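Asks: Chains as they are written, first to last, in the working numbering: chain P, 118 to 389; chain R, 118 to 389; chain G, 118 to 389.
Derived from the structure by calculation, the hints contain no laboratory data. Because the structure is a prediction, the values reported are computed rather than measured. Glycine residues also receive a C-beta, built at the ideal position from the N, C-alpha and C atoms. One or more of the hints may lead you astray.
[Stated by the list, open to error] Residues of chain G placed beyond 10 Å of chain R at every Cβ, according to the derived structure:
1) ARG122
2) MET157
3) LEU164
4) ALA193
5) LYS197
6) MET244
7) SER248
8) THR331
9) GLU357
10) LYS379
[Claimed, not checked] No more than 25 Å apart at the CA atoms, straight line, and that leaves these computed lysine-lysine pairs for BS3-like:
11) G:LYS274 with R:LYS131
12) R:LYS342 with R:LYS274
13) G:LYS242 with P:LYS274
14) G:LYS131 with P:LYS274
[As the list claims (entries may be wrong)] Listed next, the stretches of chain R that the computed footprint assigns to chain P, with coverage defined by at least 3 CB atoms under 8 Å from CB atoms of chain P:
15) 270 to 279
16) 295 to 309
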Amino acid sequence: MLELRLVQGSLLKKVLESIKDLVNDANFDCSATGFSLQAMDSSHVALVALLLRSEGFEHYRCDRNMSMGMNLNNMAKMLKCAGNDDIITPSRPMMAVTPSPSCSKVQVRFTCCFAQDKIADFEMKLMDIDSEHLGIPEAEYHAIVRMPSSEFSRICKDLSSIGDTVVISVTKEGVRFSTRGDIGTANVVCRQNTTVDKPEEATIIEMNEPVSLTFALRYMNSFTKATPLSNTVTISLSSELPVVVEYKIAEMGYVRFYLAPKIEDDDEETKP
Amino acid sequence: MLELRLVQGSLLKKVLESIKDLVNDANFDCSATGFSLQAMDSSHVALVALLLRSEGFEHYRCDRNMSMGMNLNNMAKMLKCAGNDDIITPSRPMMAVTPSPSCSKVQVRFTCCFAQDKIADFEMKLMDIDSEHLGIPEAEYHAIVRMPSSEFSRICKDLSSIGDTVVISVTKEGVRFSTRGDIGTANVVCRQNTTVDKPEEATIIEMNEPVSLTFALRYMNSFTKATPLSNTVTISLSSELPVVVEYKIAEMGYVRFYLAPKIEDDDEETKP
Amino acid sequence: MLELRLVQGSLLKKVLESIKDLVNDANFDCSATGFSLQAMDSSHVALVALLLRSEGFEHYRCDRNMSMGMNLNNMAKMLKCAGNDDIITPSRPMMAVTPSPSCSKVQVRFTCCFAQDKIADFEMKLMDIDSEHLGIPEAEYHAIVRMPSSEFSRICKDLSSIGDTVVISVTKEGVRFSTRGDIGTANVVCRQNTTVDKPEEATIIEMNEPVSLTFALRYMNSFTKATPLSNTVTISLSSELPVVVEYKIAEMGYVRFYLAPKIEDDDEETKP
Numbered sequence: 118m119l120e121l122r123l124v125q126g127s128l129l130k131k132v133l134e135s136i137k138d139l140v141n142d143a144n145f146d147c148s149a150t151g152f153s154l155q156a157m158d159s160s161h162v163a164l165v166a167l168l169l170r171s172e173g174f175e176h177y178r179c180d181r182n183m184s185m186g187m188n189l190n191n192m193a194k195m196l197k198c199a200g201n202d203d204i205i206t207p208s209r210p211m212m213a214v215t216p217s218p219s220c221s222k223v224q225v226r227f228t229c230c231f232a233q234d235k236i237a238d239f240e241m242k243l244m245d246i247d248s249e250h251l252g253i254p255e256a257e258y259h260a261i262v263r264m265p266s267s268e269f270s271r272i273c274k275d276l277s278s279i280g281d282t283v284v285i286s287v288t289k290e291g292v293r294f295s296t297r298g299d300i301g302t303a304n305v306v307c308r309q310n311t312t313v314d315k316p317e318e319a320t321i322i323e324m325n326e327p328v329s330l331t332f333a334l335r336y337m338n339s340f341t342k343a344t345p346l347s348n349t350v351t352i353s354l355s356s357e358l359p360v361v362v363e364y365k366i367a368e369m370g371y372v373r374f375y376l377a378p379k380i381e382d383d384d385e386e387t388k389p
Numbered sequence: 118m119l120e121l122r123l124v125q126g127s128l129l130k131k132v133l134e135s136i137k138d139l140v141n142d143a144n145f146d147c148s149a150t151g152f153s154l155q156a157m158d159s160s161h162v163a164l165v166a167l168l169l170r171s172e173g174f175e176h177y178r179c180d181r182n183m184s185m186g187m188n189l190n191n192m193a194k195m196l197k198c199a200g201n202d203d204i205i206t207p208s209r210p211m212m213a214v215t216p217s218p219s220c221s222k223v224q225v226r227f228t229c230c231f232a233q234d235k236i237a238d239f240e241m242k243l244m245d246i247d248s249e250h251l252g253i254p255e256a257e258y259h260a261i262v263r264m265p266s267s268e269f270s271r272i273c274k275d276l277s278s279i280g281d282t283v284v285i286s287v288t289k290e291g292v293r294f295s296t297r298g299d300i301g302t303a304n305v306v307c308r309q310n311t312t313v314d315k316p317e318e319a320t321i322i323e324m325n326e327p328v329s330l331t332f333a334l335r336y337m338n339s340f341t342k343a344t345p346l347s348n349t350v351t352i353s354l355s356s357e358l359p360v361v362v363e364y365k366i367a368e369m370g371y372v373r374f375y376l377a378p379k380i381e382d383d384d385e386e387t388k389p
Numbered sequence: 118m119l120e121l122r123l124v125q126g127s128l129l130k131k132v133l134e135s136i137k138d139l140v141n142d143a144n145f146d147c148s149a150t151g152f153s154l155q156a157m158d159s160s161h162v163a164l165v166a167l168l169l170r171s172e173g174f175e176h177y178r179c180d181r182n183m184s185m186g187m188n189l190n191n192m193a194k195m196l197k198c199a200g201n202d203d204i205i206t207p208s209r210p211m212m213a214v215t216p217s218p219s220c221s222k223v224q225v226r227f228t229c230c231f232a233q234d235k236i237a238d239f240e241m242k243l244m245d246i247d248s249e250h251l252g253i254p255e256a257e258y259h260a261i262v263r264m265p266s267s268e269f270s271r272i273c274k275d276l277s278s279i280g281d282t283v284v285i286s287v288t289k290e291g292v293r294f295s296t297r298g299d300i301g302t303a304n305v306v307c308r309q310n311t312t313v314d315k316p317e318e319a320t321i322i323e324m325n326e327p328v329s330l331t332f333a334l335r336y337m338n339s340f341t342k343a344t345p346l347s348n349t350v351t352i353s354l355s356s357e358l359p360v361v362v363e364y365k366i367a368e369m370g371y372v373r374f375y376l377a378p379k380i381e382d383d384d385e386e387t388k389p
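When you get a sec, could you build the whole thing from the sequences and use the hints?
Replies: See below:
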């Protein structure tokens, strides 16, 4: 049996919004320590890893490890109803997985109490999804950039109106985002900046050695759907590893996106 | 001759917005006591009844009873121009029906004075529309639910992301809205609640006997277009009668929607 | 060499937004006195003339006259990235045209410093565009109407939901905008009004002789895209000349739109 209750009704909704464009169906793995998910996107290019630790929930109980296969779009529809903050009474949706008495299939149930007088509950069947869990080893990165998540989002959006790929280069000068398309080129340089009013506005660059890698902007723009989850984003780069774009979820865990760099090929960017 | 002037320029616009998706063409019936409309939706499933009593108008004069056939979309276009509140000077549109001297057809004329210096007028030809006026007898209902209109709107919208029909059940427990679809089931229960800060936030349930009826959510969602007209909605249910969804228009009248329940059929909801 | 810097990052963006629906590709003509453009719309019916005088720029340097052919949509994309006001640090984009060392083609470069720590630059290739510069002689107009630009925009939008053309008539009574369509007719009359709180809310009519001209509303609605550039619009009418719809750009210049009147033809407006 699994039971969990969130303080913020909208958090689980934001988590789903951040990943449901990349992943259609996925297994949520639940254990006594928390709630996690690992899934490849449908074209098997990007990997999403989510962790929500049990101590971040208002209530969390998981009697035995279980893996719950869900269609993320359907789950998002359910949560849109259950976990809404903008309703007069804020909701604290409760999620419970129990073998349903009426049906042989295991079901997940979201219950949502809006004050005393209104209760909503939603039941969704679970799916069997084949998936293999990849071990992601801790790694050393050539460079780690921490910057405001809204700024990273804006840069990715701006560059994608000009080109299809972004070259992210970290040097002593700072971090440079470049693109090239039919209409021209664009470069945005962000320098280290720690003298800011609020710590979340800082741009902090830790560099062991310079690195320059090319990525598909389409994926980067998908990752920035997680911007509402965190004020800052951390981008870890290494020439031999996929980039990690991480959004921390305060006191609970993270959403991490992994994406392999494109092999740089001069012909590729100069379109015919 | 008919002449009427509204204090709130946007009221007639909101009334039209609330019904023009259901009804394309309709006769407005005018008499000394007021302005009314009764029309079936184009698939002859739902009925709309509108009443605007003469005393609610800033100015109202109707010399003889008349029936004016109008295309509601065209009328909405005209009113969008004439009766706008968000313009600097609020308008009080005047509507007049007079035989036009230039043309044998009867025309309706909307005139709108924005302060001293700007006058807009719009003329629209009237149509001949065949319609029979149904007598709707006063009836006893098994249950009458009054609740905030925004909450009813939200519930209908939420449920329609999961299923196509809603079962509305009134018991001693409260009123329950349920749906079932391919992705799962949803139930929202609202209990009687009169201990609220503002009377319009109350949920009041008058029940003579329990009732449970099934309706198409598509129609319910159309009815909730009238939400801007009133803070509360009244839903009158009886197993032998169409449901009445009523939005009162302060000091003037109402918009009422009538919809026959679906015959409950267990096969129908379990889609193949 | 040309270098210019704007105080308001968004001004050049607004200028482009106001004309890019009418004109795809155009030559910007630069000289020591300023920056100008003259172009026909793609169907050769309307003419756009833009002037931004050098003294309106924070920094302006132009060593020799040059004509820069640009695709306005591409330029708008670049400026959307470079010149954004809604970012935390307001930007003052710098535009420079220099023979690029890496390429035989002349390029335009937009550079944008957001405070100390973020720099964006964008390079776009210039195009060769054939164009002939029309001399537009100063003319006497029968009537000149100055009114709030938002009101003119609203009238054009409202009328275009009813008809395709607008008749603009200036008489002693005021200025009248009329249209006629399948669903009916509309007339909006604005009288001279100088007793307003703010000078930009005045409607001022200078009339030498009455004039009544018909124009395509589609073009008028395109012209009103320039509304964000100015609180007022000036409409100069003469029966022998194209109408001039002018939006002044404070302390810098103007955007002017010229449109030939339609030859009035009674059959044309009464559609079959």
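Asks: Is G:THR331 truly not at the interface, in the sense that its beta carbon sits beyond 10 Å from all beta carbons of chain R?
Replies: Non-interface label stands for G:THR331: nearest chain R Cβ at 19 Å, farther than 10 Å.
Asks: Is R:LYS342 close enough to R:LYS274, meaning Cα to Cα at most 25 Å?
Replies: 11 Å, holds
Asks: Run the C-beta distances from G:LYS197 to all of chain R and say if the shortest one exceeds 10 Å.
Replies: 28 Å, holds
Asks: Would G:LYS379 pass as off the interface with chain R, using Cβ distances and a cut of 10 Å?
Replies: 22 Å, holds
Asks: Is the Cβ of G:ALA193 more than 10 Å away from each Cβ in chain R?
Replies: 29 Å, holds
Asks: Does P:LYS274 lie within 25 Å of G:LYS131 when you go C-alpha to C-alpha?
Replies: Holds - the C-alpha atoms of P:LYS274 and G:LYS131 are around 20 Å apart, at most 25 Å.
Asks: Are there at least three residues in the region 295 to 309 of chain R whose beta carbon sits under 8 Å from a beta carbon of chain P?
Replies: holds (count 10)
Asks: Check, residue by residue, whether the region 270 to 279 of chain R contains three or more positions whose beta-carbon lies closer than 8 Å to a beta-carbon of chain P, and give the verdict.
Replies: n = 5 at 8 Å, threshold three: holds.
Asks: The output says G:MET157 does not contact chain R. Does that hold with a beta carbon cutoff of 10 Å?
Replies: G:MET157 clear of chain R: closest Cβ-Cβ about 32 Å, beyond 10 Å.
Asks: Would the pair G:LYS242 and P:LYS274 pass a check requiring their Cα atoms to be no farther apart than 25 Å?
Replies: Distance of about 21 Å is within 25 Å: holds.
Asks: In terms of Cβ atoms, is chain R entirely out of 10 Å range of G:GLU357?
Replies: 29 Å, holds
Asks: Regarding the assertion that G:ARG122 does not contact chain R, is the least Cβ-Cβ distance greater than 10 Å?
Replies: 36 Å, holds
Of the numbered hints stated above, none is contradicted by the structure.
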